[in-house]
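Note that the protein sequences, when read in sequence, are chains A and B.
Numbering that gives the first Met the number 0 applies: residue 0 is where the first sequence begins, and numbers increase by one.
Numbering that gives the first Met the number 0 applies: residue 0 is where the second sequence begins, and numbers increase by one.
Calculated from the structure, these hints are not laboratory results.
A few of these clues could be false.
As the list claims (entries may be wrong) - Chain B regions said to be covered by chain A (calculated; three or more residues, Cβ under 8 Å): (1) 86-92; (2) 113-121; (3) 310-319.
Unchecked claim - Calculated lysine to aspartate or glutamate pairs in the DMTMM-like style (CA-CA distance at most 20 Å, straight line): (4) A:Lys-219 / B:Asp-124; (5) A:Lys-5 / A:Asp-305; (6) A:Lys-173 / A:Asp-52; (7) A:Lys-219 / B:Glu-150; (8) A:Lys-219 / B:Glu-125; (9) B:Lys-198 / B:Glu-180; (10) B:Lys-22 / B:Glu-330; (11) A:Lys-219 / B:Asp-111; (12) A:Lys-219 / B:Asp-82; (13) A:Lys-5 / B:Glu-150.
As the list claims (entries may be wrong) - Residues from chain A that keep clear of chain B, each with C-beta distances beyond 12 Å, as calculated: (14) Glu-200; (15) Lys-207; (16) Leu-209.
Where a beta carbon is used, it is the ideal one built from N, C-alpha and C, also for glycine.
What follows is the residue order along each chain.
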Amino acid sequence: MRQETKRILRRLFRNPSAILGFSLLTFFILVAIFAPLLAPPVNSFNPSMKLPDPYIMPVVSWKQEPIPPTTKKDVDPQKLGREPIRCIDYHPFGIIGGRDIFYGVVWGTRTAFKVGIIVTVISTLIGITIGSISGYFGGWVDEVLMRITDVFLSIPFLVAAIVLTTILGVGLDKVMIALIVFGWMGSARLIRGNILQVKEEQFVLAAKALGVRDVFIITKHILPNTIFPVVIQASMRMGSLVITAAALSFLGLGAPQGYADWGALLSYARDWMLEIGEHWYAIVYPGTAMVLFVLAWNLVGDALRDAFDPRLKG
Amino acid sequence: MPEPLLIVRNLKTYFYTEDGVVKAVDGVDFEVYEGETRGIVGESGCGKSVTSLWIMRLLDEKGRIVDGEIIFKGRNLLELSEDEMRRIRGNEIAMIFQEPMVALNPVYTIGDQIIEAITLHQNVDEHKARKMAIDLLRKVGIPEPEKRIDEYPHQLSGGMRQRAMIAMALSCRPSLLIADEPTTALDVTIQAQILELMKELQKEYGMAIILITHDMGVIAETADRVVVMYAGKVVEYADVKTLFNDPKHPYTYGLLTSIPRLDIEQEKLKSIPGVVPDPLNFPSGCRFHPRCEFFEKGKCDVSEPELVEVAEGHKVRCYFWERVDEVKKLEAEKV
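Chain B with its partners taken away, still in its complex shape (with noise of 0.2 Å):
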């Protein structure tokens, strides 16, 4: 295995409100190899957005690291300056995000924010600049860039100003492209064809692409490896295909079964009990325990179990796994 492009390591961060102190990400790994997809999913509130942000180092004050490192290229970008880690973000880790409508400035037309891009962080003047900026336009696949270059973020759908987004992301060639919920915002179709256009770049370009979404959808049809993240906590590890097909943790199977399909006569669309727990006030042991149905008083509640390895690759945070196998198997017999 060659060494990887990220390493996220024991990610702890908190929040200390008045309220108390919220532990949104409370201990995460996960690593990102060069030119893959890393998926992280999980219900909103589950701090996968606040991972995100802080590979970018982008929280304010309020949010601290209290343990942890986060390795690119070799280098801990939790110990880096202010001015370091400024010619990092945008050159070699870029982000897209999840509202096109309001990522992009309204005073400014699409071109200069472009040109802005490229000219931060690479020494070329401004008529080369406005070249690019039409090549970029033309490869995310906006027709007519020329003129295009000269609109404002309102004269554009939205699936246009999300690919005016990658545009600009991709302007500086980045090793890493963080992409928080490209879609959400978009519908169907444009969603398919933003994540068809982000495969092809990510081919094109050579890049690493860490996904974040509450879409199963997205992260089978885009993902390479994916974390599943509840509470703040990964839950379950493991490369796409796995995931799907044999799914160990009772939350990522909740998930799985909450999918309507199409090929099984169903009911009623199976959910998940409850809601994601007050980050101020997780619940004790297995922070997953009071919706999960294979809960046992007195173990669950009690202590959290650790991330075991269930097979190459594919870790899993519970006690009771092989249970999940047992209802999996149960369900196959009844189809």
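If we strip away everything but chain A, and leave its shape as in the complex, we get (with noise of 0.2 Å):
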């Protein structure tokens, strides 16, 4: 066994792109672990006073003297309003919407796990169960369940996310709720499929013949055979449910305002596109996030494959 994690191990960090995947990976979880201590959600006035909610971007306004040094000549500090402010000793990453864009970049890394991580496990349990129900039992069960899965699939996933976040209100888990509902058929028509292939095997048979229960050939010999891709699907999914989450905020109907979320902070940056050249960094820092942490995904994905896959085994 032991001998066994040695070459998955060794596998897996075999070539640079896998590595490169776990560093940002690894890179990510460590500022959403110590996010507290890279933005400290306190008061600005009163460090010691602790904000309500740290996910709710503390609104940026400061009554030092002298006036903190800005890249931007003509603001007034003491009527900030929306507009973006490039100001690097006090908020590295500028300001913007009246919030820091450091602080939101790193609390939205958290954010950015807690949608990615609940929807994809959620979706994709969902997506196994009803994809190897149908694909083990087959027959009209298949079909109906097939069916379903169909309809879902029909309707455009993003029009379909915004129609139910709007029925249900805005607020993230309402989003996460509809990044669920229109996200699992993928996983379901994956695991059906192999499946319905490896259903077949004679080992499935043999475990039968053995007085095996259905729930156990299902569970034990049959998805270990067929998870990895779902896997594998499931990690890449991780990254690109993160921009879809972001896409529903920037437009307006995912976190509530001044929530910690990259998409929140990409919307505040909506006004100023004209300008974009000169208010740069509203769009690069968090936009930078989206992308690294989606390639992280897509990264480790690939390495998972490569990996895990039995059949690759040698």
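Both chains are given apart, each in its own frame, so use the hints to dock them into the complex.
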């Protein structure tokens, strides 16, 4: 067993892109864990006062003298509006909509993980359950479940998510529900196809001949032989889900106003699109975080496939 | 005669497909006594495997039993609930398969799989099951079982895998073992070893074996009594010595004369002309008549002969089995 683990680890860290993926992921995990240290959720006037909800970005304002240097000459810090301000000493990534971008990016990492993991895990579990029942039992069960899947697939994903979020109301949990409801079909189809193939294998018949129950035949004998494509797909979807969630936030449907979320940060920048050359930081920092997050999951997905696929074992 | 362990009586299994009804097994009778080896022999597609899968009740809903019963230890297996059947599978009736390469799950070590088989029907803890698994592996002749138990199927050779399969099948000391072409996928030297192993284990465990094969050589070596099947029907039924020395059915006779022999001078190997008929469309009358050298128009293609008992324990389904005798006599005079 230990030998097998060693082999998997060796495969996992064999190629440079896998190493890059895991380092990026580790970096994001560290940022998420140490968010309270990197961007302390405290009142900027009184550092001993904790913010009521660290996930709501505090509104930046300052009263200290002399006025902190900004790159924007004509700004009156007393009358901070929604416009972007670059002020490297106090707000390394700048300010937009009255919120510190650095704070938003750091705490937004937690939001990204939360959305990504919860949505992916739940929707994949739903997909696996439906897909494996459908594939294993076949017949009319398969027919009914697959037609339901088709119905869900026929609705454009983003439109469906927007409609459902609008019905449910604003809030991160509502976004997650919408993403789960319209996000399980891919894994269901994938696992069904694989099960149709594997259930004809002789070892499944052999397991039946030993008197193994249907439940255990699915979970112990069929799933381990079919699950890898689904796990890989899930890890890649983890990244792209964050983009979808950001898109919903960007449209104003996702996280509530001021919530630390990369998409919400980008939506502040929407009003400054025409002067984007001047206010590049408003897009580049949250945007880079998002791109790297997606890249990390995709690379990890690839690495997992190379390492775990039992058919590539030699 | 003691009560048979397993009686298959008038078993009929039809598959209802879109193209029509496939009469895969059409009235098969035989019985298996404790400790004996019952051979079922026939060409591919004659219904041997379907019969064995029905004894285990492992066919899906497409294949339906039309008639018949399978009595095992006094209980009709066809009437048991799925739950009761599961307690019999692997525990009282075990099965080994043709392809050891694909009959083992590639993601588990052979140890995991044998331990699963043990704990499924016996109330033992993991540690004890592992010890039992190692003993089993040793018994089936796998060297260094303590090490081999943690290996994956792909790390073992074909013969070793078949041994592991046998270990798995024997884990609960079944009283009946169904071996579906257990040696077909193995090369000849390994075949002999596996057959030898099965014989030894049969003696030790006192179990009955149903050996399904198309290989007359395997039958000669291991079976006690034989059922010859053709196109879903039993055509001949005899103990192994009688079958080889005195075949009565033209099909059996054809099978036996198409084995290459070293003891007689042969110009050309004999063979049975034609192929197994399409199960969707069996010939009328005797299903063997289009390929039979003793075919008589107006009789064989009109009505089907019944199984007749020509000697004690020797049954044949043919109108003209006496003619086979005559031909055999002629052949014998030639030599």
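These are the hints, each one checked on the structure:
Evaluation of the coverage hint for the segment 86-92 of chain B: fulfilled, as 5 residues show C-beta separations to chain A shorter than 8 Å, against a requirement of three. Counting residues of the segment 113-121 of chain B whose CB falls under 8 Å from any CB of chain A gives 4; the rule of at least 3 is met. Against chain A, the segment 310-319 of chain B contributes 0 residues with a C-beta closer than 8 Å to a partner C-beta. That does not satisfy the three-residue criterion, and the hint is violated. Between the alpha carbons of Lys-219 of chain A and Asp-124 of chain B the distance comes to roughly 19 Å, so the proposed pair stays at or under 20 Å and holds.
At most 20 Å may separate the alpha-carbon atoms for a hinted pair to count; Lys-5 of chain A and Asp-305 of chain A meet this at roughly 14 Å. Note on Lys-173 of chain A and Asp-52 of chain A: the hinted pairing holds, with a Cα-Cα distance of about 19 Å set against a maximum of 20 Å. Distance restraint check for Lys-219 of chain A and Glu-150 of chain B: the Cα-Cα separation of roughly 18 Å lies within the 20 Å cut-off, and the hinted pair is therefore satisfied. Distance check on the hinted pair: Lys-219 of chain A and Glu-125 of chain B sit about 17 Å apart at the alpha-carbon level, within 20 Å; holds.
Only pairs whose Cα atoms come within 20 Å are accepted, and Lys-198 of chain B paired with Glu-180 of chain B is accepted, the gap being roughly 15 Å. A C-alpha spacing of about 36 Å is found between Lys-22 of chain B and Glu-330 of chain B, which places the hinted pair above 20 Å, so the restraint is violated. Our distance criterion of 20 Å between C-alpha atoms is met by Lys-219 of chain A and Asp-111 of chain B, whose separation comes to about 11 Å. Of the supplied pair hints, the one linking Lys-219 of chain A and Asp-82 of chain B holds, its CA atoms being roughly 19 Å apart against a limit of 20 Å.
For the hint pairing Lys-5 of chain A with Glu-150 of chain B, the CA-to-CA distance comes to about 15 Å; that is within 20 Å, so the pair holds. Here Glu-200 of chain A does not stay apart from chain B, with its beta-carbon only about 6 Å from theirs, under the 12 Å limit. Against the 12 Å criterion, Lys-207 of chain A falls within the reach of chain B, whose nearest CB is about 6 Å from its own CB. The non-interface label for Leu-209 of chain A is inconsistent with chain B: the shortest C-beta to C-beta separation is roughly 4 Å, within 12 Å.
In this structure, the hints that do not hold are numbers 3, 10, 14, 15 and 16, in rising order.
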